[in-house]
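Protein chains: 2
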Amino acid sequence: MPAVALEYLHTYTLIHDDLPAMDNDDLRRGKATSHKMFGEANAILAGDALLTIAFEVLGQVEAQAPHPPNQMILELAMAAGSRGVAGGQFEDLASEGREPDPEQLEYIHTHKTARLIRAACRMGAIAAGAPMEKLEALSTYGERAGLAFQIADDILNATSTAEELGKAVGSDAARRKMTYVALYGTRRAQERAEALTDEAVAALAPLGSRSEPLIALAHFMVHRTS
Amino acid sequence: MPAVALEYLHTYTLIHDDLPAMDNDDLRRGKATSHKMFGEANAILAGDALLTIAFEVLGQVEAQAPHPPNQMILELAMAAGSRGVAGGQFEDLASEGREPDPEQLEYIHTHKTARLIRAACRMGAIAAGAPMEKLEALSTYGERAGLAFQIADDILNATSTAEELGKAVGSDAARRKMTYVALYGTRRAQERAEALTDEAVAALAPLGSRSEPLIALAHFMVHRTS
Numbered sequence: 000m001p002a003v004a005l006e007y008l009h010t011y012t013l014i015h016d017d018l019p020a021m022d023n024d025d026l027r028r029g030k031a032t033s034h035k036m037f038g039e040a041n042a043i044l045a046g047d048a049l050l051t052i053a054f055e056v057l058g059q060v061e062a063q064a065p066h067p068p069n070q071m072i073l074e075l076a077m078a079a080g081s082r083g084v085a086g087g088q089f090e091d092l093a094s095e096g097r098e099p100d101p102e103q104l105e106y107i108h109t110h111k112t113a114r115l116i117r118a119a120c121r122m123g124a125i126a127a128g129a130p131m132e133k134l135e136a137l138s139t140y141g142e143r144a145g146l147a148f149q150i151a152d153d154i155l156n157a158t159s160t161a162e163e164l165g166k167a168v169g170s171d172a173a174r175r176k177m178t179y180v181a182l183y184g185t186r187r188a189q190e191r192a193e194a195l196t197d198e199a200v201a202a203l204a205p206l207g208s209r210s211e212p213l214i215a216l217a218h219f220m221v222h223r224t225s
Numbered sequence: 000m001p002a003v004a005l006e007y008l009h010t011y012t013l014i015h016d017d018l019p020a021m022d023n024d025d026l027r028r029g030k031a032t033s034h035k036m037f038g039e040a041n042a043i044l045a046g047d048a049l050l051t052i053a054f055e056v057l058g059q060v061e062a063q064a065p066h067p068p069n070q071m072i073l074e075l076a077m078a079a080g081s082r083g084v085a086g087g088q089f090e091d092l093a094s095e096g097r098e099p100d101p102e103q104l105e106y107i108h109t110h111k112t113a114r115l116i117r118a119a120c121r122m123g124a125i126a127a128g129a130p131m132e133k134l135e136a137l138s139t140y141g142e143r144a145g146l147a148f149q150i151a152d153d154i155l156n157a158t159s160t161a162e163e164l165g166k167a168v169g170s171d172a173a174r175r176k177m178t179y180v181a182l183y184g185t186r187r188a189q190e191r192a193e194a195l196t197d198e199a200v201a202a203l204a205p206l207g208s209r210s211e212p213l214i215a216l217a218h219f220m221v222h223r224t225s
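In order, the protein sequence lines correspond to chains D and F.
Residue numbering for the first sequence is 0 to 225, as defined by numbering that gives the first Met the number 0.
Residue numbering for the second sequence is 0 to 225, as defined by numbering that gives the first Met the number 0.
Isolated chain D (complex conformation) (with noise of 0.2 Å):
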């Protein structure tokens, strides 16, 4: 269930970000977005209610001891809100054409990508009642992993093409986003991700040999090409 509230939680992201008034992109994974399928008010209204029915299917779960039965609800709240996405992409698009400012940068990158993911893992955790020392762990490795994440999208969005992303690239530099391609160039920007990654693997220790598949997962998020 909270895989299924994060899913949702996403596509609203996704809805909304490509709205005209926001990144206005027409295409994501291939297709035409939903804006442009349904009409602009039709995609504003599916983004709401796909965040409604994201902490819907969450009031229908309950965390494990030694979590509050309601926390996973409050995780989904700080990673969506005002303190998470959604003020990250306000800031986003304030950035639009600014001067570079690391502090700024740091901070959207955080808010609009990375506390999603962290939150993602963390509930994961509290789901299955995991002890706090792990859920620690886990957190550190959804904002690092989460961080690195992004990095790589300004990487692709920049030297990718449409055709392997399934959306538009380019489109960062045209609008004079602040990524860190634009601050630190390419090379430093994949640096970054690779010690990032390094971060996020380092802090899965406590988890053992369990942790496999989030290893290979954070390697997966930065090599990827789309």
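Heads up, some of the hints might be wrong.
Simulated coverage check for chain F against chain D, where a stretch passes if three residues somewhere in it have a Cβ under 8 Å from a Cβ of chain D [as the list claims (entries may be wrong)]:
| id | stretch |
| --- | --- |
| 1 | 14–21 |
| 2 | 55–64 |
| 3 | 85–94 |
| 4 | 109–115 |
These are calculated hints, taken from the structure and not from any lab test.
Think of the CB as a built atom: it goes at the ideal place given N, C-alpha and C, for glycine as much as any other residue.
Fit chain F to the known structure of chain D by using the hints.
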């Protein structure tokens, strides 16, 4: 806390409903609407953040027995999402310019407005641990009074002034929206609102004299001038 959550949720619906892609309203409560003040992207994000924080607030409280702890979250989600406000708004926009259809009108008004007022009544009862008989009474009250409220809204849009109402008037007719006034005329709309108010008040019988403020509220909702 349920009242705070409902206030957040209600504000989200107003901000998103006013958007250019939706009802495209410039004025609300006598002031410029959110997208006029802060731009369309920020208005969308503000609505998203308010919708999110409504659930976050409810994640911090528990319903009283005999209701399950998470019940208020489920109530709000059902009132807000595709089976509530977002679904009603979808049909509302889809109805513009269409042939009058009493069934579709009922669907729009019930989902766009009455469900949320009904949820407000139910959530108060659930927070207080009201027995099922009283919960049902308050549900019926909220549904009927909520529908009456929306009919009164239709009438005000057709008959009031922008100065008195603090928002645009005549916009329903201009957009060829499906309203009670459009389908039945002002007089029959008024009669229906009165009849629904009577039903709402009658439903409160199990609550005895403690229901007096709710009776006054139901009358206020249909006799208001703004």
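May I ask which of the numbered hints given earlier this structure violates, with the numbers listed in increasing order?
Per hint list: single violation, 4.
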